[in-house]
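Asks: Here's the letter readout for the chains.
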Amino acid sequence: MTTPHPVGPVRTVAGTVAADAVEPATAAEVAEVLRSTTGTVVPVGAGTKTGWAAPPTSCDLLLRTTGLDRIVEHAPGDLVVVAEAGVPLARLQQRLAEHGQMLALDPPEAGATLGGIVSANASGPRRLRYGTARDLLIGVTVVLADGTVARSGGKVVKNVAGYDLGKLYTGAHGALGVLVSTTWRLHPLPPVTGAVTVPVPDAARAGRYAALLARSTLTPTAVELNWIDGTGELTALFESSAASVRAQTRAAIALLGAGRAAEAPPSWFGVRPAGALVLRLAYEPFALPRVLEALPDGATGTASACTGVGYFAVPADSDLAALRAAIAPYDGSAVVLAADDAARAVLDHWGPVGDAFGLMTRVKDRFDPERRLSPGRLLGGL
Amino acid sequence: MSAVPADATPKSPALAARLRATIGADKVLTDPAQLRTYECDGLTNFRVRPAVVVLAADRDDVVATVRLCAAAGVPFVARGSGTGLSGGAVPVADGVLIVLSRLRRILAVDPDNARVVVEPGVINLWVTREAAPYGQAYAPDPSSQQVCSIGGNVAENAGGAHCLKYGFTVNHVMGAEVVLPDGEVVHLGGTAPEHPGLDLLGAFVGSEGTLGVATRVTVRTIQAPETVRTMLVGFHSVEDAAGTVSDIIAAGIVPAAIEMMDALAIEAAEAAVNCGYPQGAVAVLVVELDGPAVEVAEQFDHVEQLAAARHAFETRIARDEAERALMWKGRKSAFAAVGRISPAYYVQDGVIPRTRLPEILTEVGRLADAAGIRVANVFHAGDGNLHPLILFDDTVPGAAHAAEELGFTILDLCVDAGGSITGEHGVGLEKKSRMPRQFSADDLDTMQLVRCAFDPDGIANPGKQFPTPRLCGERPGVRTAADTHDPALGEVF
Chain A
1 MTTPHPVGPV RTVAGTVAAD AVEPATAAEV AEVLRSTTGT VVPVGAGTKT GWAAPPTSCD
61 LLLRTTGLDR IVEHAPGDLV VVAEAGVPLA RLQQRLAEHG QMLALDPPEA GATLGGIVSA
121 NASGPRRLRY GTARDLLIGV TVVLADGTVA RSGGKVVKNV AGYDLGKLYT GAHGALGVLV
181 STTWRLHPLP PVTGAVTVPV PDAARAGRYA ALLARSTLTP TAVELNWIDG TGELTALFES
241 SAASVRAQTR AAIALLGAGR AAEAPPSWFG VRPAGALVLR LAYEPFALPR VLEALPDGAT
301 GTASACTGVG YFAVPADSDL AALRAAIAPY DGSAVVLAAD DAARAVLDHW GPVGDAFGLM
361 TRVKDRFDPE RRLSPGRLLG GL
Chain B
1 MSAVPADATP KSPALAARLR ATIGADKVLT DPAQLRTYEC DGLTNFRVRP AVVVLAADRD
61 DVVATVRLCA AAGVPFVARG SGTGLSGGAV PVADGVLIVL SRLRRILAVD PDNARVVVEP
121 GVINLWVTRE AAPYGQAYAP DPSSQQVCSI GGNVAENAGG AHCLKYGFTV NHVMGAEVVL
181 PDGEVVHLGG TAPEHPGLDL LGAFVGSEGT LGVATRVTVR TIQAPETVRT MLVGFHSVED
241 AAGTVSDIIA AGIVPAAIEM MDALAIEAAE AAVNCGYPQG AVAVLVVELD GPAVEVAEQF
301 DHVEQLAAAR HAFETRIARD EAERALMWKG RKSAFAAVGR ISPAYYVQDG VIPRTRLPEI
361 LTEVGRLADA AGIRVANVFH AGDGNLHPLI LFDDTVPGAA HAAEELGFTI LDLCVDAGGS
421 ITGEHGVGLE KKSRMPRQFS ADDLDTMQLV RCAFDPDGIA NPGKQFPTPR LCGERPGVRT
481 AADTHDPALG EVF
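Here the protein sequences come in this chain order: A and B.
As numbered in the UniProt record's numbering, residues 1 to 382 make up the first sequence, in order.
As numbered in the UniProt record's numbering, residues 1 to 493 make up the second sequence, in order.
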């Protein structure tokens with residue numbers, strides 16, 4: 001159940017083999033690549049999430065952003081950092097920790113770069129408290145398909161000048177432009193961690209525990225459920241001062257009527273499931289038990305229990321359409337994050353498109369009229 | 001005063017007739033006396049009389065109105081409560097103003113999922129009122145929260161004192177039903193935390209009405225904190241107050257809010273609401289911490305020590321909700337209060353990196369002295385969001401212009417310091433000419449790609465937020481000589 005780490009640089013994207021690859025080192029070089037070529041281009045970072053979403057319909061050129069690896073500016077007093085898209089999150093965290101700070105994003109993929117995290121909208125357990133990339137990214141520079149270098153946002157957290165294109169690029173899988181630089185809002189690194197873990201006999205109990213925590217005045221940074229075919233464990237993570245962590249873990253055990261406290265969460269915490277078919281589900285948070293019950297037999301994974309996002313490995317022959325239909329009443333969706341290459345041709349990676357799909361298509365066509373960038377990666381074949 | 005007459009365009013009378021036939025005559029205003037009410041928003045020095053005002057009663061009225069506008073090629077502007085401070089809801093002279101105040105139903109309150117679904121005319125504070133019985137609250141709290149609408153908050157990506165800890169409107173809006181400028185209705189986001197596809201909702205929030213009209217908004221509520229503690233601290237110097245703000249942040253504390261007021265702002269607040277701020281203070285901080293009791297108690301003591309180390313001469317701690325409310329009353333009424341000490345005033349909204357507060361404040365003071373203009377400073381110090389209140393006498397010829405010029409000079413300072421020309425009031429009509437100070441032509445052209453996808457004909461709130469955008473069919477580098485729907489062509493004073 002560990003996340004696969006790529007051996008050597010990635011050459012395929014969700015099963016599509018790249019004809020060629022480049023690794024530019026500056027935004028200007030990225031722009032030059034896009035201006036001087038005419039074929040399809042798929043931007044990737046370290047390649048830890050190339051299996052997420054649909055395969056590109058074509059990849060003439062793999063554009064690795066790993067050469068854009070500078071931490072440009074860290075202003076500790078302003079809790080802001082500017083870093084290029086190819087900087088690995090772990091390296092950034094190390095630098096920030098020297099100042100008692102962190103970027104409050106914890107997707108578990110080892111080696112993942114900032115640009116890849118934004119493009120795939122990857123998140124981890126602490127999204128409960130801190131939100132996701134869209135909530136923390138305050139500025140961004142991209143290179144468009146025609147080589148234009150464009151910025152939006154800025155270097156201050158509070159800023160409403162112009163459209164916030166960082167949100168649009170988040171989760172776009174490189175289909176609107178190549179991310180070259182990112183600016184982030186930071187948080188202080190909490191001094192002490194404590195975890196409360198309870199066994200969860202069934203889906204109903206998972207829902208009850210999650211609801212009790214969600215409706216309490218406790219402030220866990222994460223509430224994670226580990227789910228193994230119908231049963232599991234739930235962990236509430238507290239990160240604050242020693243006194244607060246002590247008081248909150250005690251209060252959590254009293255609230256749940258069960259649980260044991262530990263200094264660290266269990267080993268499954270924050271680990272993505274692995275398997276022949278891995279899905280990311282999103283749904284109304286209170287629907288957690290219904291979603292767990294809708295999962296195919298044999299499903300294992302983890303869920304951010306109070307936010308309404310779960311990652312599950314399901315049997316390869318699972319009926320995705322039926323699962324999507326079952327969770328649709330809770331605004332539910334299921335996106336493919338891993339699948340056998342052979343199966344991808346017949347898989348619906350994203351599920352049904354909504355009534356905004358026409359608008360999404362128009363946005364894509366404005367940014368990338370020739371459909372060069374990550375073609376087919378987004379939903380509906382975009 | 002004579003704003004542009006209602007019949008300036010030959011299109012509007014026919015459009016008004018079609019609107020009356022479609023949505024009902026009682027909802028369509030063309031009488032100049034009635035139109036006058038809608039000439040401006042909270043920024044009263046821009047006034048434009050629209051050709052038609054539509055008082056929409058429901059989503060269908062909005063859809064019908066937008067469709068008729070699109071068919072006739074007539075621009076429209078959506079308006080909530082009209083409290084905006086950048087002229088974002090100023091009408092277009094030959095256009096239709098769609099007033100959304102009557103769309104004020106609370107459609108769903110779902111404490112289990114921490115969601116509230118409202119129509120756009122619902123007042124910000126009502127959301128918290130609906131959620132409060134369940135121990136929940138709506139976090140974004142602009143100072144105008146008793147009157148401003150959720151639809152307007154979405155358009156402006158409204159902030160407020162507590163966004164230091166909790167984020168802005170965009171971090172709390174989960175979904176929106178949007179009428180696009182061609183009348184198509186789409187649903188962006190929803191009630192779940194994520195949705196397949198592009199995050200169009202993220203682009204829509206803060207688009208100042210230029211991408212369409214929200215007719216339903218789903219927001220998330222937060223669990224009200226166990227403890228809220230507020231202190232008011234008086235300082236003999238602005239530097240000490242600003243230094244305390246930096247020290248609090250450096251200590252790893254994230255307060256719910258840190259607000260700062262300078263001597264002139266304190267004087268105004270005292271005159272208006274008698275809030276009892278410390279006598280003789282050159283600057284005060286209002287610091288609020290919330291969360292679990294143990295954590296708040298520790299951090300509160302720490303903040304007190306940090307303030308004392310910066311020579312705070314008086315620290316008051318709110319003992320109950322009434323005292324807390326009084327501390328906030330001085331701050332939240334500061335804008336209006338300035339009206340007590342000056343015949344007229346003008347509010348600016350700029351952002352700087354918070355570490356540069358002392359230096360920028362000194363420079364603002366120097367610029368104000370040089371211009372012979374009084375400036376009161378009220379701001380969200382925790383996020384470096386300045387709100388200089390520029391005082392002037394509107395009976396003196398040229399005084400308003402001089403005040404505006406000083407405001408723009410302050411914005412230049414903000415941009416040069418690595419900040420922004422607006423933290424929460426929006427660009428609107430007022431600051432669109434300053435956008436090129438902050439963004440390159442390529443940056444602005446790229447933003448226009450979004451505009452062109454949503455509104456290829458440019459009829460949704462044209463002439464706002466961006467300086468003379470190129471038309472959607474044009475190639476980059478080619479710009480129009482003038483923005484054809486520029487509302488500023490109306491009378492400005």
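Among the clues, some could well be false.
[As the list claims (entries may be wrong)] Covered stretches of chain A, as calculated for chain B (at least 3 residues, CB under 8 Å): (1) 27-39; (2) 76-83; (3) 108-122; (4) 154-165; (5) 300-311; (6) 322-334.
[Unchecked claim] Some but not every residue of chain A turned toward chain B, in silico, with C-beta under 8 Å: (7) ALA145; (8) VAL149; (9) PRO188; (10) TRP268; (11) ARG290.
Just so you know, the hints here were simulated from the structure itself, not pulled from any lab data.
If you're wondering where the values come from, they're calculated on a predicted model, not measured in any experiment.
By construction, the Cβ of each residue, glycine as well, lies at the ideal position given by its N, Cα and C atoms.
Asks: Decide, hint by hint, whether the structure agrees.
Replies: Each hint tested on the structure:
no. : hint    : result
1   : 27-39   : violated (count 0)
2   : 76-83   : holds (count 5)
3   : 108-122 : violated (count 1)
4   : 154-165 : holds (count 12)
5   : 300-311 : holds (count 3)
6   : 322-334 : holds (count 4)
7   : ALA145  : violated, 11 Å
8   : VAL149  : holds, 6 Å
9   : PRO188  : holds, 3 Å
10  : TRP268  : violated, 22 Å
11  : ARG290  : violated, 12 Å
In the structure shown, a violation is registered for the earlier hints numbered 1, 3, 7, 10, 11, in ascending order.
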